Amino acid sequence: MLKNYFIIGLRSILNQRFYSILNVVGLGVGLALVIFIGLYLHDQHRFDRWYSDHERIYRVEYGEWGIIGPAFKRLIEESSADIEQTLRLNTSVFHNSALRKGDEMVRIRNIVAADPEVFDFFDLTIIHGEAATALDDIGKVVLTRSEALRLFNTENPIGEVLSLNDQHNLVVSAVIDDISHFHVRVDALVSFFIFGIYYGTDYFERPGNWNHPTYVKLHPEADPSHVRGQVEERTNNYIFETAGIKFDRETRLRPVSQIYYATDSLVEGRVVRGNKTLSIAFMIIAAFVLFIAVVNFINLSTAHSTSRAREMGIRKLLGSTRKSLLMQFLLESIIITAAGMLIAVALVEIFLPSFNNLAGVNINLREWSISWHLLIFISAAVIVGTVNGMYPAFYLSGFEPARVLKGELTKGRSAAFFRKGLMAFQFATAITLISGTVIVYKQIHYMKTKDLNFNTENIVFFRANEPVLQRWDEFRNVLKSSPGIQQVALTNAMPGSVGWQESVYLEGQLRQFYYWPATPEFFTMLGAELLAGRWPDRALATDQHYNMVVNRQWLQLMDLDQDYEDIINQSIPWGNGKITIIGIVNDFHFRSLRSAIAPMALVWYEERCQMVSIKLYPHNTTQTLDHINNTWLEFYPDEPLSWQFLDESLMALYSREEQTGTILTFFSFFAIFIACLGLFGLSSFLIEKRSKEIALRKVLGSPMLRIHMLLQREFVLLIVIASFIAIPAGWYFMSSWLDGFPYRIQMGAGPFLLAVFLTLFIAMATVSWHAFRVSGKNPSDFLRTE
1 MLKNYFIIGL RSILNQRFYS ILNVVGLGVG LALVIFIGLY LHDQHRFDRW YSDHERIYRV
61 EYGEWGIIGP AFKRLIEESS ADIEQTLRLN TSVFHNSALR KGDEMVRIRN IVAADPEVFD
121 FFDLTIIHGE AATALDDIGK VVLTRSEALR LFNTENPIGE VLSLNDQHNL VVSAVIDDIS
181 HFHVRVDALV SFFIFGIYYG TDYFERPGNW NHPTYVKLHP EADPSHVRGQ VEERTNNYIF
241 ETAGIKFDRE TRLRPVSQIY YATDSLVEGR VVRGNKTLSI AFMIIAAFVL FIAVVNFINL
301 STAHSTSRAR EMGIRKLLGS TRKSLLMQFL LESIIITAAG MLIAVALVEI FLPSFNNLAG
361 VNINLREWSI SWHLLIFISA AVIVGTVNGM YPAFYLSGFE PARVLKGELT KGRSAAFFRK
421 GLMAFQFATA ITLISGTVIV YKQIHYMKTK DLNFNTENIV FFRANEPVLQ RWDEFRNVLK
481 SSPGIQQVAL TNAMPGSVGW QESVYLEGQL RQFYYWPATP EFFTMLGAEL LAGRWPDRAL
541 ATDQHYNMVV NRQWLQLMDL DQDYEDIINQ SIPWGNGKIT IIGIVNDFHF RSLRSAIAPM
601 ALVWYEERCQ MVSIKLYPHN TTQTLDHINN TWLEFYPDEP LSWQFLDESL MALYSREEQT
661 GTILTFFSFF AIFIACLGLF GLSSFLIEKR SKEIALRKVL GSPMLRIHML LQREFVLLIV
721 IASFIAIPAG WYFMSSWLDG FPYRIQMGAG PFLLAVFLTL FIAMATVSWH AFRVSGKNPS
781 DFLRTE
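Just so we're aligned: 117 in our numbering is position 117 of the sequence shown, and the numbers increase by one with no gaps anywhere.
What the hints contain is simulated information worked out from the structure, not anything from laboratory work.
Please read all numbers here as calculations on a predicted model, not as lab measurements.
It is possible that some hints are incorrect.
[Said to hold, decoys possible] Dumping the calculated DSS-like pairs for lysine-lysine here, alpha-carbon to alpha-carbon at most 30 angstroms: (1) Lys276 x Lys448; (2) Lys442 x Lys480; (3) Lys276 x Lys442; (4) Lys480 x Lys276.
Could you put together the complete structure from these sequences and hints?
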């Protein structure tokens, strides 16, 4: 019986090749997009869920701070017996550090300082070496497999020596498997206790220096909310006992699996963040794409009801039951869906590398077993095929033989209404996707072109190493000998990557802010507006270390609301002494526009700087860059110079939004393409069906323009209806997305009107093509049988 159904189904499909091809291609492209989105969402969901105890691991946070001081580890451990382990990391201090390998200088981008128990804590796989001794000494370093291959061309470089900044030798003690789907990027690990070399052994008992993400692993039976209360109580008591102040930061234990998709703005160092809104948008797009593909199938199937109605009537008269006819149509649908699945799988295999580049992921289908592939393929074909064929099967199998053979199709009107509703929803989907894409690009353009309130042009920067810093004055003077260089400065960080934080206790409260060490030349190089006071002066040695320039947000943090001139020369506690305000600068965007302007203090502190910043004159840039490169090689020939322009670096901050826009454009284009396939097939059928009417109107003298308007009127009305659905939905979704930006565009009607007119143009062009094709023929070709 199934064989007979199969043969009849194939014959029916081949008899309607054009519409069958449209269905197969539409389903194939649609299913390919759904598979791509499914693979992407699965990849994103894997973040911080691959190690065995991830459900029991939490990051300790205080207020808006996801990084805390080194002394908090002991306090947290003492706070509750329900805590099994505690771990500290540091992701910033050794980022992109220079290391000497023999006579060669190399850089490791993501060097993370960690407590020795990191391997057990996060289930890191040791390939070579022993976890127990890998980080038991500050003179050891652990490399990932790929980093070991890059640096030493072997997976087992145990015993090799790397010199950190030509100051501290590190022996390779272990090699771990590459770490992916982790909220911290790791290329190498060093002992957390290495900070004792740089900041003194008392560093680990300091409540300040909030630069370290700290994690707890709870016992399986522990209640996180109860532990949170215990940690909060212990912390508050400690700070009150040692500093005599009330610590008013809210304590949180954030599940580690939620860090990647966290949407709140936290100070948390170098953390890999996902985009939850984008993932939700992709799920919605996947549903829309699959819906559009299914709608195309249903519309074309029901539209062809007249061509198969007589077949159904005859088969019923010959004894076929409705159940057998249902099975017949469902099998046809499953065959078409299976063919579409084959196209989808082929498209995924071909375009997966391009999709990986587009989405910034590394999805490998080889990770899925053959049995999983077959299971997913067969399940999708049966489920989608059944959904596709359900309505057409019930619709076509329900015709009454007597009425059909008399030419009476009583279901035509209801089916046409259903088709129009589905088509309107397709148009609404297209309008929503187009308008969303336009708004994403408008927001990206806004962020890239917004005035940041400081100078970004003609500034080149690069990280210096210790030999250059030790001869800084000489190096600076050689650089300044070029007529193409205006200023040369040192800084701890550049705009867009400022990450150091400091805290002071004032009036019984802990006040935390960004701290930006630099030399005096850097302050004037930025060109930010000085509202009161002055910049640090190199001629005044007293300006070093304990004089600072602050922004307006810093004044609000410190509750200083007097006239600016009255604030100048005021002092606040700082470390073991005080620091004096010598200048007030207007707020400027020293971080990404994803974050609001934060309190910030600029301090002349040359010893804490390692970034060279150079302001160029706009002419002869090539010769000036050659001079900078030659000067570097003269002072440090071991390593080529790697520099960046500040404006280009700031543009790169929005690569995630650009990626979102690119992916959204990609999916939107193919969603619209699938909708157009359906529109093309449906309009072709409907116009062919009205070919005699068109011919008769031509014979009776009706102008071509009027005929075209008549044929397009129905589709135009559907787009108008779709607009009333799409505009409120698009406005809601895009407003929610824009609410994640402190600095955002106002949407307005423009993107939605553009989407409506573009959809209208595509629909009218498609219908007009068919109308021209039919109306261009001789009317006698259609009327000779009448």
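For each hint, the structure was consulted:
1. A hinted pair counts as satisfied when its Cα atoms are at most 30 angstroms apart, and Lys276 with Lys448 qualifies at roughly 22 angstroms.
2. Proposed proximity of Lys442 and Lys480 is contradicted: the alpha carbons are some 41 angstroms apart, above 30 angstroms.
3. Distance check on the hinted pair: Lys276 and Lys442 sit about 20 angstroms apart at the alpha-carbon level, within 30 angstroms; holds.
4. For a cut-off of 30 angstroms, the pair hint linking Lys480 to Lys276 is broken: about 48 angstroms separates their Cα positions.
Hint violations for this structure: numbers 2, 4, all remaining hints satisfied.
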